[in-house]
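Engineer: Chains A and B, in that order, give the protein sequences. The numbering of the first sequence is our numbering, which starts it at 52 and goes up by one. The numbering of the second sequence is our numbering, which starts it at 52 and goes up by one.
In short, the hints are calculated from the structure, not lab data. Careful: at least some of the hints might be erroneous.
Stated by the list, open to error - Simulated restraints, written as ranges between beta carbons of each label pair:
#1 D147/B / R228/A: 19 to 27 angstroms
#2 G223/B / R238/A: 35 to 43 angstroms
#3 P248/B / P89/A: 27 to 35 angstroms
To be verified - A few chain B positions that, by computed beta-carbon distances, are all more than 10 angstroms from chain A:
#4 V104
#5 H105
#6 P202
#7 A225
#8 R256
#9 P318
Since this is a predicted model, take the numbers as computed values, not measurements. We treat Cβ as the ideally placed atom computed from N, Cα and C, and that holds for glycine.
There are 2 protein chains.
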Amino acid sequence: MNEFELIDEIVATLGAAASGPLVRVGPGDDAAVTRVPPGMELISSIDALVGDVHFPAAAGPALIGYRAIMVSVSDLAAMGAEQGFVLVALNLPTDDPAWVRELTVGMREAAETLGVGLVGGNIARGPLAIAVSVHGFAPAGQALLRSGARPGDRIYVTGELGGAAAALARGGLADCRAADQLDPLARRYFRPRARLPEGIALRGRAHSAIDLSDGLLQDLGHILKASRVGARLDAAAIPVAEGATLEQALHGGDDYELCFTLAGALPPLGVPVYCIGEIVAESGLTINGKPVVTSGYQHFG
Amino acid sequence: MNEFELIDEIVATLGAAASGPLVRVGPGDDAAVTRVPPGMELISSIDALVGDVHFPAAAGPALIGYRAIMVSVSDLAAMGAEQGFVLVALNLPTDDPAWVRELTVGMREAAETLGVGLVGGNIARGPLAIAVSVHGFAPAGQALLRSGARPGDRIYVTGELGGAAAALARGGLADCRAADQLDPLARRYFRPRARLPEGIALRGRAHSAIDLSDGLLQDLGHILKASRVGARLDAAAIPVAEGATLEQALHGGDDYELCFTLAGALPPLGVPVYCIGEIVAESGLTINGKPVVTSGYQHFG
Chain A
52 MNEFELIDEI VATLGAAASG PLVRVGPGDD AAVTRVPPGM ELISSIDALV GDVHFPAAAG
112 PALIGYRAIM VSVSDLAAMG AEQGFVLVAL NLPTDDPAWV RELTVGMREA AETLGVGLVG
172 GNIARGPLAI AVSVHGFAPA GQALLRSGAR PGDRIYVTGE LGGAAAALAR GGLADCRAAD
232 QLDPLARRYF RPRARLPEGI ALRGRAHSAI DLSDGLLQDL GHILKASRVG ARLDAAAIPV
292 AEGATLEQAL HGGDDYELCF TLAGALPPLG VPVYCIGEIV AESGLTINGK PVVTSGYQHF
352 G
Chain B
52 MNEFELIDEI VATLGAAASG PLVRVGPGDD AAVTRVPPGM ELISSIDALV GDVHFPAAAG
112 PALIGYRAIM VSVSDLAAMG AEQGFVLVAL NLPTDDPAWV RELTVGMREA AETLGVGLVG
172 GNIARGPLAI AVSVHGFAPA GQALLRSGAR PGDRIYVTGE LGGAAAALAR GGLADCRAAD
232 QLDPLARRYF RPRARLPEGI ALRGRAHSAI DLSDGLLQDL GHILKASRVG ARLDAAAIPV
292 AEGATLEQAL HGGDDYELCF TLAGALPPLG VPVYCIGEIV AESGLTINGK PVVTSGYQHF
352 G
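Start from the sequences, fold in the hints, and give me the full structure.
Structural biologist: Here you go:
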């Protein structure tokens, strides 16, 4: 099967997931053509996931594909963006149409779940890697940034933390094949849900937001740095996922929950939300009054 | 140097190339925020370049960075799009800040030359690969597609073909360090120029267009397939780059010139343009009356 036959099959597998009301030209031309709703700004990010660095390459390809879309779109959620479309660049070491078909099935499920169109892509020979660029919309000036946290804001997170780190620490993820066979910890790793509705509900309310990809302390640290503020956390308030430790909840990555700050009443989000501390004027981060260094997953250094 | 220090340095090196009049939030948040001009559709594509597959990894990093941006933006040119912005996902095997700085200098030069903002990116540990998503604009309904070629259209290409293939066949590209030391053939490979102004000038005139990344015959074949037409080419009319052969001009990739079809008068493009044949109703491609199979660079199969 040559490159173009493989692309034709991917597009056939995607079906309606390759289009949408805002898509005029989907996969198959030099580029996709989409419409941007009036009054909206465009929100755009790119992520790359490398085989056996960011995911176990031997795991079921549908699990890999689903997770690749979800973790990439999570950046849109952190901005309070409405979902638009994604582009996928796939580097493959071998010609394995069955593997690519299963990967596409997983991507399609995530795209359909989120309501994003998978409107274009690229296939190249190379060590296994998946780059996903994600594109959404927010009313002009309303995107949630990292830089708006203010002293007195309360700090919140959605959901429970540390589950994906606990799954990684336990091991065995490379043996996982299909979503319906995952135990709860493995689901935390393979089946995150990009918090798009929650991010949208926070527009005009939250002063700052970020998604938790590298660990709570490190990601909150980005908000503190961008906003030039500090934070006080209450260890007992950190929501630790069942099967995880407080350490994993503080430092573990891959949960893709939202962390945000706001003053005043919390809008209804429809998911568990926990207040874990507050923003203070003095720089630095303390937990139960003790200074901590923000750290988490770093690719280098 | 950790991941975040490296990103800070990349952003500092980019300087004004990370922003632009349509950019409200550039690198440093979860996503970039940009404005889309009124009445414009969004044109988006993604490319991936793998070290020692799509470029010699040992070549000068500024050459690699410049070329990565140019070849990716070439897809916008093929659509007749106006330049907008790009996102770059960089997978790096080692922590080499000097290499990344030079790569960024090359990317900055290409971005400034084209007038695109490099508004976001991602850095990950992994085998060397560069994914670039590119985004531009075209007035609603005016993007150039592959599917509009009609019998009677003349087929044109910009520039001369085969030079990049001749440079690859000659070898030695891995030893190239800097743009000012390249001989003409090596320039054909490392210093393509995305044909953005030419694509824009062809809007409303050309019936179809594609950029020549995989070879004239293969890329023209995509137009023929999408438009359900055939083509007759005149071998003597194919513009062969100095130092290249007709075979390289027909089958060699990496030239990033435009191939387009139109009826009637050719608009002034400001670069050499050659009429190489015409579109016919009968399917298939002939050169001097002899049927040929479209082929070129395929990543698989």
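Engineer: Verify this label for me: P318/B is non-interface relative to chain A, using a Cβ-Cβ cutoff of 10 angstroms.
Structural biologist: holds (20 angstroms)
Engineer: Holds or violated: the 19 to 27 angstroms window for the beta-carbon distance between D147/B and R228/A?
Structural biologist: violated (38 angstroms)
Engineer: P248/B and P89/A, beta-carbon distance inside 27 to 35 angstroms?
Structural biologist: Between P248/B and P89/A, where Cβ atoms are some 28 angstroms apart, the hint holds.
Engineer: Taking the shortest Cβ-to-Cβ distance between R256/B and chain A, state whether it exceeds 10 angstroms.
Structural biologist: For R256/B, whose nearest Cβ neighbour in chain A is about 17 angstroms away, the distance exceeds 10 angstroms, so it holds.
Engineer: Against chain A, does P202/B hold up as non-interface, every C-beta pair farther apart than 10 angstroms?
Structural biologist: holds (21 angstroms)
Engineer: So does G223/B sit 35 to 43 angstroms from R238/A, Cβ to Cβ?
Structural biologist: violated (52 angstroms)
Engineer: A cut-off of 10 angstroms on Cβ-Cβ distance, and A225/B was said to be off the interface with chain A. Does that hold?
Structural biologist: The claim stands: A225/B keeps its Cβ more than 10 angstroms from every Cβ of chain A (closest is about 17 angstroms).
Engineer: Over 10 angstroms from every CB of chain A: does V104/B meet that, or does the non-interface label fail?
Structural biologist: Per Cβ check, V104/B is inside 10 angstroms of chain A; nearest 5 angstroms; violated.
Engineer: Decide, holds or violated, for the assertion that all CB atoms of chain A are farther than 10 angstroms from the CB of H105/B.
Structural biologist: Violated, because the least Cβ-Cβ distance between H105/B and chain A comes to about 7 angstroms, which does not exceed 10 angstroms.
Hints 1, 2, 4, 5 from the list above are not met by this structure, while the remaining hints are.
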